[in-house]
Amino acid sequence: MADGLLSAPLNEGLMMWFQKQVQLRPYHRGFHLVTTEITEKLPELKNYKTGLCHIFLPHTSASLTLNENADPNVRHDMEAFSNHYIPENEEYFLHVIEGSDDMPAHIKSSLFGADVMIPIADGWLVLAIWQGIWLGEHRDCGGSRHLIITLQGEGYT
Amino acid sequence: MADGLLSAPLNEGLMMWFQKQVQLRPYHRGFHLVTTEITEKLPELKNYKTGLCHIFLPHTSASLTLNENADPNVRHDMEAFSNHYIPENEEYFLHVIEGSDDMPAHIKSSLFGADVMIPIADGWLVLAIWQGIWLGEHRDCGGSRHLIITLQGEGYT
Amino acid sequence: MADGLLSAPLNEGLMMWFQKQVQLRPYHRGFHLVTTEITEKLPELKNYKTGLCHIFLPHTSASLTLNENADPNVRHDMEAFSNHYIPENEEYFLHVIEGSDDMPAHIKSSLFGADVMIPIADGWLVLAIWQGIWLGEHRDCGGSRHLIITLQGEGYT
Numbered sequence: 007m008a009d010g011l012l013s014a015p016l017n018e019g020l021m022m023w024f025q026k027q028v029q030l031r032p033y034h035r036g037f038h039l040v041t042t043e044i045t046e047k048l049p050e051l052k053n054y055k056t057g058l059c060h061i062f063l064p065h066t067s068a069s070l071t072l073n074e075n076a077d078p079n080v081r082h083d084m085e086a087f088s089n090h091y092i093p094e095n096e097e098y099f100l101h102v103i104e105g106s107d108d109m110p111a112h113i114k115s116s117l118f119g120a121d122v123m124i125p126i127a128d129g130w131l132v133l134a135i136w137q138g139i140w141l142g143e144h145r146d147c148g149g150s151r152h153l154i155i156t157l158q159g160e161g162y163t
Numbered sequence: 007m008a009d010g011l012l013s014a015p016l017n018e019g020l021m022m023w024f025q026k027q028v029q030l031r032p033y034h035r036g037f038h039l040v041t042t043e044i045t046e047k048l049p050e051l052k053n054y055k056t057g058l059c060h061i062f063l064p065h066t067s068a069s070l071t072l073n074e075n076a077d078p079n080v081r082h083d084m085e086a087f088s089n090h091y092i093p094e095n096e097e098y099f100l101h102v103i104e105g106s107d108d109m110p111a112h113i114k115s116s117l118f119g120a121d122v123m124i125p126i127a128d129g130w131l132v133l134a135i136w137q138g139i140w141l142g143e144h145r146d147c148g149g150s151r152h153l154i155i156t157l158q159g160e161g162y163t
Numbered sequence: 007m008a009d010g011l012l013s014a015p016l017n018e019g020l021m022m023w024f025q026k027q028v029q030l031r032p033y034h035r036g037f038h039l040v041t042t043e044i045t046e047k048l049p050e051l052k053n054y055k056t057g058l059c060h061i062f063l064p065h066t067s068a069s070l071t072l073n074e075n076a077d078p079n080v081r082h083d084m085e086a087f088s089n090h091y092i093p094e095n096e097e098y099f100l101h102v103i104e105g106s107d108d109m110p111a112h113i114k115s116s117l118f119g120a121d122v123m124i125p126i127a128d129g130w131l132v133l134a135i136w137q138g139i140w141l142g143e144h145r146d147c148g149g150s151r152h153l154i155i156t157l158q159g160e161g162y163t
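Chains as they are written, first to last, in this note's numbering: chain A, 7 to 163; chain B, 7 to 163; chain C, 7 to 163.
Hints in this document: simulated from the structure, not taken from any laboratory.
Since this is a predicted model, take the numbers as computed values, not measurements.
Fair warning: there could be bad hints in the mix.
Identical copies go unnamed one by one, so any copy, or any two together, can satisfy a pair.
What the hints assert, rightly or not - Derived DMTMM-like pairs (lysine to aspartate or glutamate); straight-line CA-CA distance at most 20 Å:
1. K52 - E94
2. K47 - D9
3. K52 - D9
4. K26 - D9
5. K26 - D121
6. K52 - E104
All chains, please: the whole structure from these sequences, using the hints.
Given below as structure tokens:
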């Protein structure tokens with residue numbers, strides 16, 4: 007596909023905002039593909055012709071990022087890399103009272119980021135076919151994480 | 007709280023954009039909690055029922071990120087980690103004319119990121135109770151940094 | 007410039023969405039300044055008085071980030087740092103079937119990020135004078151990358 011309009015906005019349609027909180031099931035430490043779990047909780051996407059979907063994590067020891075959705079080894083290797091280069095028990099760490107996994111989790115949260123913004127076109131998230139939303143659970147026992155999802159854009163009239 | 011609407015948009019209200027430049031006070035090298043300094047300069051937040059707040063740093067040697075707002079040791083450890091793994095004076099650095107702190111500052115800016123996007127609900131930033139906005143000042147003497155803040159959303163009618 | 011309105015929104019103007027796909031020319035592995043290549047493909051920016059420009063990479067082995075646009079050595083050093091701290095052939099990597107450059111490329115994509123959000127004021131991207139948009143091409147032969155660009159904001163009436 008060459009350059010061109012991806013979704014022709016109406017510019018006369020209904021400008022719509024939508025915001026909801028959703029709860030993910032608990033995940034063990036590591037990176038996890040959560041695209042389907044999120045979109046199943048977002049039937050409202052279908053109302054948007056052209057827009058943006060903002061997914062926000064109100065947590066500081068987990069992360070959201072976009073990456074490959076095919077080979078699970080990619081998620082394994084991301085976690086292995088993270089643990090190797092953002093290790094526990096660095097001798098200069100002062101914040102140790104919440105466990106050795108806590109300070110590395112804060113660092114990973116800021117480096118991988120705590121939100122993603124994804125275009126919406128014709129009622130769908132515009133993700134490449136092999137691209138998915140990952141939750142980075144960086145605590146050993148992080149429990150169930152929440153998301154604040156904000157949809158905005160032009161609706162179908 | 008289970009899944010559900012966080013803030014019920016009006017979808018008939020005033021669609022509003024607001025953009026301003028604000029100046030932060032100078033900070034020494036390190037990570038600093040700036041949530042209150044920013045929100046005190048943003049009384050306009052109160053006009054938004056549902057929306058998004060984009061905070062953008064027009065600088066390439068500092069960063070903005072979200073992380074824990076409680077224990078100052080978390081900010082200490084983030085800085086210590088950054089300096090350990092993104093060190094000055096790497097033998098392969100060519101960009102050295104602006105001081106040994108400059109190239110690591112550029113790297114930190116891109117890894118931690120130069121903006122944050124935060125949901126707005128009922129006139130408030132939707133941050134977790136222990137979550138705050140951090141400025142990463144990565145130069146030894148970075149001076150006073152500016153922010154470009156863009157608010158958008160549905161206003162109260 | 008002190009605190010103040012950067013661009014006075016109209017709040018009575020046309021609310022406009024625009025979304026297009028653009029194709030970048032192929033780049034070799036490394037970081038590349040692409041500000042002009044992108045803005046030349048975005049004459050539609052001129053229609054926006056106040057808004058936001060979202061540039062999204064539907065790829066998982068490349069990245070988009072903002073950094074210095076002046077000294078090319080900064081881009082050299084960013085690449086050298088990346089290759090040093092996110093190396094190929096880590097002994098714990100399991101995802102090796104797509105070549106030794108592939109798994110590090112996935113890690114760099116998530117750490118540097120796959121999108122940028124830039125304010126728009128008076129028809130221009132609000133970037134600092136020495137700030138530009140970088141493409142991080144993290145594959146040896148990544149080919150031509152696409153971008154999904156979404157403009158939103160208040161248009162001139």
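Checklist entry - Hint by hint, which ones does the structure fall short of? => result Result: hints 1 and 6 break, sorted rising.
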